[in-house]
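Enquirer: Chain by chain, the residues run as shown.
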Amino acid sequence: MDSLLSLLAGWLGLLSRGSVLLQLLVVSVALLLYRSALLRLRLPRSSWRRLALLVAPIVALELVALLLGRFGRPSGLIGLVSTLLQIWGALTALRLALRRVQPPAAVEAYWQRAVLPLYLVLALVVLVDRIEGLQPVGSIPLLRMFGQSFTLGGLVLLVLLPYFLVVLSELPVFLAGGAMERLAGMGAGNRKAFELLLRYAVIGVGLLWLANQLGLNSTAVAAIAGGLSVGLGFGIKEVFSNFVSGLWLLFEGSVRPGDVLVYEGDPCQVRKLGLRAATLWRDSDNAELLVPNQTFFTATTTTYSGTDSLRCARVVIGAAYRHDPDDVVRVILETVRAQPRVLAEPEPYAFVWNFADSAIDYVVFYWIHDPMSNATIAGEVRRALWHAFRDHGIEIPRPQRVVQQLPPPPPI
Amino acid sequence: MRRPFLGLATLALLALSLAGCSGLGEALRPSVNLQVLIASGRIAERFNRESLRKVVESEVADFTTANPEVTVHVRYVPEDDLLATMRKRSAMGAGPDLIIARVPLALVMSQERLSQPSGLGASDLAPLRLRHLEEFRRGAGYDALPFLLQPNLACFHRRALARPPATLAELLRQAEEGRRIGLSLVLDQVSWTGTGFGAQDPLLRLFDTPPDAPAGRSLRPEDRPRVLRWLRWLYRANINPNVRFSDTNEDLAEQLMKRELDWISCNSAVIPILRQALGRDLGLALLPGDSEGQPARAVGRLQTISFGRDSAPAQREAAERFALFLLNDYSQNKVMTRTVGNLPVNQNVIVPVKRSEVLAAIQRSEPQAIVPSFHRAVGVRLQRQPLSRLIKQNVYGEASPEEVLLQIEALARQRGVSPARGTAPARVQPTTLTE
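Respectively, the protein sequence lines represent chains A and B. The opening position of the first sequence corresponds to residue 1 in my numbering, with each subsequent residue numbered one higher. The opening position of the second sequence corresponds to residue 1001 in my numbering, with each subsequent residue numbered one higher.
I should point out that these hints are in silico values taken from the structure, not numbers from a laboratory. Relax, there's no trap hidden among the hints.
Label pairs and their in silico Cβ distance ranges:
#1 B:E1134 / A:P141: 34 to 44 Å
#2 A:G306 / B:A1084: 52 to 62 Å
#3 A:F251 / B:Q1414: 57 to 67 Å
#4 A:A90 / B:G1397: 50 to 60 Å
#5 A:V126 / B:E1134: 34 to 44 Å
#6 A:M145 / B:A1169: 53 to 63 Å
#7 B:K1258 / A:Q135: 25 to 35 Å
Derived DMTMM-like pairs: lysine to aspartate or glutamate, alpha-carbon spacing no greater than 25 Å straight-line:
#8 B:K1088 / A:D129
#9 B:K1258 / B:E1170
#10 A:K237 / A:E252
#11 A:K272 / A:E252
#12 A:K272 / A:E108
#13 B:K1054 / A:D2
#14 B:K1088 / A:E62
#15 B:K1392 / B:E1176
#16 B:K1334 / B:E1057
To be clear about the criterion: a stretch of chain A counts as covered by chain B if any three or more of its residues have a C-beta under 8 Å from a C-beta of chain B, and this derived list gives those stretches:
#17 18-27
#18 67-81
#19 129-135
Predicted model only: the values in this text are computed from it and were never measured. No residue lacks a Cβ here, since even glycine has one placed at the ideal position from N, Cα and C.
When you get a sec, could you build the whole thing from the sequences and use the hints?
Expert: The following block contains the structure:
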């Protein structure tokens, strides 16, 4: 810790130099003028005009740096700030351009979560590298744990790397998934599974690299693993079980993001297979259900997207006894085949289902492409059948009951 | 405008709160922060780095005790990174106040104006009677100040070698008898073997001649056979299975410590670590010379003190005080006795040769050392990488000695950093190379 404080004190010592103070003054004035101009013009945060205004401090800083260079005075700090502003401008331009082709909310979210923190970290790293060099600063010892000395660089990596691994892996993994989808003809579900596994792999390798960089010794790792195993046995058994179940399901491919499966009687789409739980979307009420991964691992799961995504649906309809069943079946098949969302192949088929009390029940089986649309397609089929029966004079009887009065009993 | 001011106020508050921390408070109390940058050996030379670190840490502790108003911040960089670090920091006005580095790097810093001539004049330094000082003179000041001398010598196992070889022929004979000999593949560390063939001086002259000198950079006709004989000797030496060549002196030292080698050429900076490993078994001797018994002359190392160009007046004044402290009788004596392997440049300090065998051995090798200055033995060290590559090709038979000789001359003709400007072309004579 003393070394770190000594380093900071050494940097403060630079403030006694006229050349450093002059550069700091120039940079501060340029940035303050830029900031006050922004406040006065009240430009929106995401606008090209705001970006254009950034040119002013950059030009001013470059000119002053040139002037100082002419007089043989150091101007590296000014040049560095100017370069950082230029990079900021380029990133902002990219962000504004992306907002035109991608959902602005998604662009802003990625900007806030990934680009902005990364820019700040890189700016700090470059500044430290210029002033002191990364290697000597990074190797400053801070504390000792498990008989291991942790350096400033190691600690910074320990804090920042996991965050950036999680945040920054999102976009490259998404792009890799898109590439695999095009190159290998992956389905949406497979693509999402691939992306998730790739992300886990990237994060896992990154964490291993981090452990290696920190120089964690095997004894410390064994001690942590021992503690974890006890913890797993008691407190976090369920969490770990769900995590392993999630990984297993992904490897097995039985439940993948994008799959449609029946949960509590309703078809639901798997939106996300997380570390602990899967997120299902239920179409009927637009609800998102968080189902622990373990559920799919231990219980029977009905899926409509295992080997293919076709669903065989059926509608039952009754017709009066007086109609010829052959005619009714023909009308039903003609009607169902005419439905746009009913697949022609496999062919629909219909037959007499039951001689019920009031009517002869017919059932028609047909195939649809999107299992999640079963309810609405079935509604369309029923409506079409009603119209077809009306056009063909086929009665859909209401429940009928013949009440027959028995003759009065003979007198005793 | 409120938010920027808020930001500045937060920064000021942060600085004040940092100042409130006990450690930083202590560090901030003195009025002068002195930044010292030390090129502590090449990346592979960890023994040298440790040796220099010990020296500097001890000196800084003493200096700050005597000068509590000065806080010394010491930073170490590998030699390979020194110039890049200096360029980056100086561009921002954040260069160090004082730099300790070997001569070739100090020369480049001086030529690129990354360092400034010392403000200490002859009258300030006269009482210290510094060796080699005049070789760094520029006008009334000095481009750099000599600090420590680390000559090369022979390190060996007493138990394996009762008597160290005195000539190159004896060295090979001992190898044939089964003694394991280690030699460096780095040119400036193996060039001493050329002494016996008369090849060393022509090579030094070749690389120290300014590129625009009338004679150009090529060997004289009478020197070419000497260099060829030396290159052939190196090739023949490697054929002997008991002679091992190594890329770094560190490798050689490690093999000696593990008792995998019996005799190596070494720099005095590695003596402390060798003594720690071998104890009384460590023997030190002069490097073997020619058949007439003249000892070999090796290019030694001279650590120098340079001054930064960005210092505030108070920092510059503190840097000069620290430099004088490093060079005074007390410090130089302490450096010599506490970290064995360094010879003082202060001639007031008497090397206790009767009390210490090690110091006596180092002292004996010092007159044979070719001490690089801004005017000599710099070119060879600046070109050490390509030259070492050529030596490797020669030693491993990938190129014939004749081809290597031509390539050495071609390398010398490439424009590189020449000795300090404003000086006459170096006339490297044997007499000027020895002290």
